[in-house]
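S.K.: Be aware that the sequence shown starts at 1112, since it is given in my numbering, and climbs by one per residue.
Among these hints, one or two may not hold up.
With a straight-line Cα cutoff of 27 Å, these simulated DSSO-like cross-link-like pairs (lysine-lysine) come out [unchecked claim]:
#1 Lys1435 to Lys1289
#2 Lys1343 to Lys1377
#3 Lys1170 to Lys1237
#4 Lys1380 to Lys1340
Quick caveat, the hints were computed from the structure, so don't treat them as lab data.
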Amino acid sequence: MIKAFSGLGNQTVLVHPKRHQREISHKTDVFDFYQMEKVFQVKSLKFIDPYIFRPFMPKFLYRFFSFIIDFIWGIFSINYTKKYSPDFLIFRDNTPFSLFFSYFSGIPSVIEFHDMPPLISKRIFKFTLKRAKKIKCFSVTKKLSLDLENYFGLDGGSIKVLQDAVDLEDYIGKPKIKSSSDMPILTYCGSLSHEKGVDLLLETATNLEGFQIIIVGGLGAEVKIYSEKAKKMNIDNIRFIGQVLPSEVPNYLNSSDILLLPSSAKSKKSREYTSAMKLFEYLASGIPIIASNIPSNTEILTGDKNCILFNPDDSDSLVREIKKLWQNYDLREKISHNSIELSKEFTWENRCKVIIDEIKQIK
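Using the sequences and the hints, build the whole thing.
M.R.: Below you can see the structure in the form of structure tokens.
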């Protein structure tokens, strides 16, 4: 999104605290990680990383410690950004104190909610948003927007719905890559947290002879756990790739025959609050999608038009829909065409234009 802001002619600066973690995204230069030109500035500020101390603290003490660190970061980050005389600041929902101090600074700001914040953060956001006149709010799903408005005591429509997006140039017009496998390739791309439905894919694989399931994503420890679980279940038609660079994702999608979005309905976050970025990447790839029939998916997708829907958390339903779609070439072609057309509505440029238009309304 920062790239898109810059592409629209804005001078953009990304400010963040340094983190000492093992994920590829934290160890790799951001421009190398996303394989992009240096079209904006990145300021990695030396700051206390609370995650370093997490293994050595009791849970209650770590929470208090993190609260203090977040408070200090709020002051530090806003004071630092003032040097750029910004026209506006934009925050995610894990920065309540930064938004709080931006309110006192008088700098117009944007807050994006991608989930329901924890209780203390919600209270800080509520205090800030009830008083602020120069803050615009967005959430990634309709239900999240409604629930946040109710909690914060804001008027209906105060929190605009703005889903995630995709960089179309990574997908549109790219030829499909022929797989070396003799079997149809079913691909899931994303994290391996329980609500994403990876356990469902393991169960599904046991009843899908003649299909290969590829799972792209997940931290090393998670991949190891699921790989061992698949081995114990005697599953030989599922392969875990692990975390890859974003630039590699299009190749995995384009070498697939069907893309899977098996998000669980058991988790409220998954069911009502998640705007999966992979959904928009799936759409742009034009590879037919099979997705669980939950509100966070059907807010974007329409069954038998740009996807096939299956009953959430039901492996039998997923197996039926996979076989049905694979046997119907015309349906796959229709879904492919409609997916690409739908993806054109969800570009980072369009998303940034909506934010800028909202900021311009601040008096």
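S.K.: Each hint should be assessed against the structure and marked as holding or not.
M.R.: Evaluated hints:
For the given pair, Lys1435 sits about 22 Å from Lys1289 by alpha-carbon distance, which is consistent with the 27 Å threshold. This hinted pair checks out: Lys1343 and Lys1377 have alpha carbons roughly 25 Å apart, not beyond 27 Å. A distance of roughly 25 Å separates the Cα atoms of Lys1170 and Lys1237; the hinted pair therefore holds under the 27 Å criterion. Proposed proximity of Lys1380 and Lys1340 is supported: the alpha carbons are some 25 Å apart, at most 27 Å.
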